[in-house]
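J.: Listed below are the residues making up each chain.
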Amino acid sequence: MVKLDFHDPSGSIEVTQAHARRLKTLEGKRIGIVTNEQWQAFRTLPLLKQMLEQDFPGAEVLAIDAFPQGNALIGEEETAKLVKQSGVDAVIIGNAA
Amino acid sequence: MKNAVSGLGLAPDAAMITFPIDMFLPGSDIAPLNARRHEFYAGLTQWKSAFSQSTSGAAPLVSVEGESYEDALDKANHLLLTNLWGDGLPLWPATRERVDRIIRGTVLPRTHVIGKFPPRGGITTVETCAIALAMAGGRPEYLPVLIAAVDAFLDPESNAEQLQAASGSAFPVVIVNGPIAKQIRLNSGFGCLGPDPQRPAGASIGRALRLIQQNVGGALPGIGAMANYGGMRYTNAVFAEDEDRLPDGWQPHATERHGYQRGANSISLVFANGVTNIRRRGAKKETAEEDTLQGMHRMADFMRTPNLAGLAGYEKGTPGILMIPGVVAQTMAGLGWSKKSMREFFWEHSKIPAADLRRAGGPAWIEIDANAITRESLKLDPWPITAKPDNFVILVAGGGHPTNSYWMQGYTPRVIGREVRVPESFEQLLAEADRDLGCGSDACMI
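Sequence order for the protein chains is A and B.
Here the numbering used here is used: the first residue of the first sequence is 1, the next is one more, and so on.
Here the numbering used here is used: the first residue of the second sequence is 1001, the next is one more, and so on.
A portion of the hints provided could be inaccurate.
As a list, the in silico SDA-like pairs of lysine to any residue whose alpha-carbon atoms are at most 25 Å apart [unchecked claim]:
id	chain 1	residue 1	chain 2	residue 2
1	A	Lys-24	B	Leu-1025
2	B	Lys-1048	A	Lys-3
3	A	Lys-3	B	Gly-1400
4	A	Lys-81	A	Asn-95
5	B	Lys-1048	A	Glu-14
6	B	Lys-1075	A	Ala-41
7	A	Lys-24	B	Leu-1033
8	B	Lys-1340	B	Gly-1400
9	B	Lys-1182	B	Pro-1353
10	A	Lys-3	B	Ser-1068
11	B	Lys-1316	B	Glu-1348
12	A	Lys-29	B	His-1038
13	A	Lys-24	B	Thr-1045
14	A	Lys-84	B	Pro-1353
15	B	Lys-1002	A	Ala-41
16	A	Lys-3	B	Leu-1081
17	B	Lys-1285	B	Arg-1298
18	A	Lys-81	B	Leu-1010
19	A	Lys-3	B	His-1038
20	A	Lys-81	B	Ala-1015
21	B	Lys-1316	B	Lys-1285
If you are wondering where the hints come from, they were derived from the structure by calculation, not from laboratory data.
Chain A with its partners taken away, still in its complex shape (with noise of 0.2 Å):
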């Protein structure tokens, strides 16, 4: 037998930081949508709020454009800053494509 031994190429990765806490329930929670405004965004995003706000007590989904839009902004600093002021206890990104 001739055995061939040879690297892998994929390279290494580095996981960083972790991530965010999962809650524990819904009801009563304030969420926050970050939206990069494309992909029928205006549409699908405002029913998930719809949904979320009538099977959950007492939760609050921020409007779509509490924060910054559009794929030019939402991975800015800035934004990120923003989100963290608002006091959200989560937020739910879209849409990727």
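Go by the hints and put chain B onto chain A.
T.: Just chain B, lined up with the frame of chain A:
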């Protein structure tokens, strides 16, 4: 998405809900969102990352066994494909010996980190480059150009993070200036975009870059890269400017664009997403002046399109790369043209009347552009396809034939330059190339 999350330093997965593209199109039925609402709720309350380990350090080895070397080579290629590390063409497995041989082509240490390759964020070292070059059939003397190209690719201003994943089928174009181009057998003449068995360097370097984009950066078709068509993606485009045929007084691209001294080894990286051959020469009894001017107009007419990909580089990038053969450059220089006057001509004659731009829906894209200068340009009629003439990249390249020129449509916020550093042993590597491939000088080529 997983790539993007990984690139941010998070575990390479996320609480995400995936729908077919249909729901995201105008007028779509969004009822599926309602039907799967509980997945959103679970994503906010129950989701846990399934990723359990962080990897780092030297690239691990994988093994195959075969009844013969041929069988093992087949099995290695099968493994490369099933692990999603191949490109569909046969590869050389990056054995330790092969990688060690290639790594002699750099002054940098093997573990030197060039950066994290977006969007996946794979750590890209000198060894990573050597592995990709080994797989792509490369040679040690190609490594300095590949490393410079990777370094340019990872420049934060290249916008590689988005272009790697975006649907616009961007591919990197690597333009090489300086003596290294001939030394390593890069093509600048007939068939400079390849393939060329006498000047094979561009194919291997470009293919290695593509493998890094996929394997380290995560740009897998339809998964990590949403490029609709993916043109030019086997070897990208790696070639040299034909400096021998630059007319007197014309500067190499690297000198004009990046300020590198003529004779310095350098690369310039541009993202493009389309190419067009333009029949430039006249067909009847045109004078040299008529032939030139008509050709210039035909080229400008190709540029005068609402190419919205070009918005990416409206202020500081380029609307595209125009390649003209040396024989045409010589004629044009004789008539008083320079690269500068060509750029001014193209800028003026590629402007789009505002009515045409409106008809094509261009203003909506310009209005939402992140760059204020781009948004401001909407007031102009006719609308210039780029902010200033200097943005056009003009190269002398291609075979010694006057009929055609070539236009590569830009999709690049910047044109990124890097000097190329070679090791002290470079002459030895070139001698080995002569031994292996035969004499590489112009006089020896067919």
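J.: Does B/Ser-1068 sit within 25 Å of A/Lys-3, going by the straight-line distance between their CA atoms?
T.: holds (9 Å)
J.: Taking 25 Å as the top limit, are the C-alpha atoms of B/Lys-1002 and A/Ala-41 close enough?
T.: Since the Cα atoms of B/Lys-1002 and A/Ala-41 sit roughly 20 Å apart, the hinted pair holds (cutoff 25 Å).
J.: Checking one constraint from the list: CA of B/Lys-1285 to CA of B/Arg-1298, max 25 Å. Satisfied?
T.: Roughly 17 Å between the alpha carbons, so the hint for B/Lys-1285 and B/Arg-1298 holds.
J.: Hey, B/Lys-1182 versus B/Pro-1353, does the alpha-carbon distance stay inside 25 Å?
T.: violated (44 Å)
J.: Given the hinted pair A/Lys-84 and B/Pro-1353, is their alpha-carbon gap at most 25 Å?
T.: Violated, because 45 Å separates the two Cα atoms, which is more than 25 Å.
J.: Would the pair A/Lys-3 and B/Leu-1081 pass a check requiring their Cα atoms to be no farther apart than 25 Å?
T.: OK: A/Lys-3 and B/Leu-1081 at ~18 Å, within 25 Å.
J.: Is the Cα-Cα distance between A/Lys-24 and B/Leu-1033 25 Å or less?
T.: holds (23 Å)
J.: Is A/Lys-24 close enough to B/Leu-1025, meaning Cα to Cα at most 25 Å?
T.: violated (34 Å)
J.: Compare the distance between the alpha carbons of B/Lys-1316 and B/Lys-1285 with 25 Å, and conclude whether the hinted pair is satisfied.
T.: violated (40 Å)
J.: Regarding the pair A/Lys-81 and B/Leu-1010, is the alpha-carbon distance no greater than 25 Å?
T.: At roughly 19 Å apart (the allowed maximum being 25 Å), B/Leu-1010 and A/Lys-81 satisfy the hint.
J.: Sort out whether B/Gly-1400 lies within 25 Å of B/Lys-1340, counting only the CA atoms.
T.: Distance ~22 Å between B/Lys-1340 and B/Gly-1400 Cα, so the pair holds.
J.: Checking one constraint from the list: CA of B/Lys-1075 to CA of A/Ala-41, max 25 Å. Satisfied?
T.: Given that 25 Å is the threshold and the Cα spacing comes to 46 Å, the pair is violated.
Checked against the numbered hints above, the structure violates hints 1, 2, 3, 6, 9, 14, 19 and 21; every other hint is satisfied.
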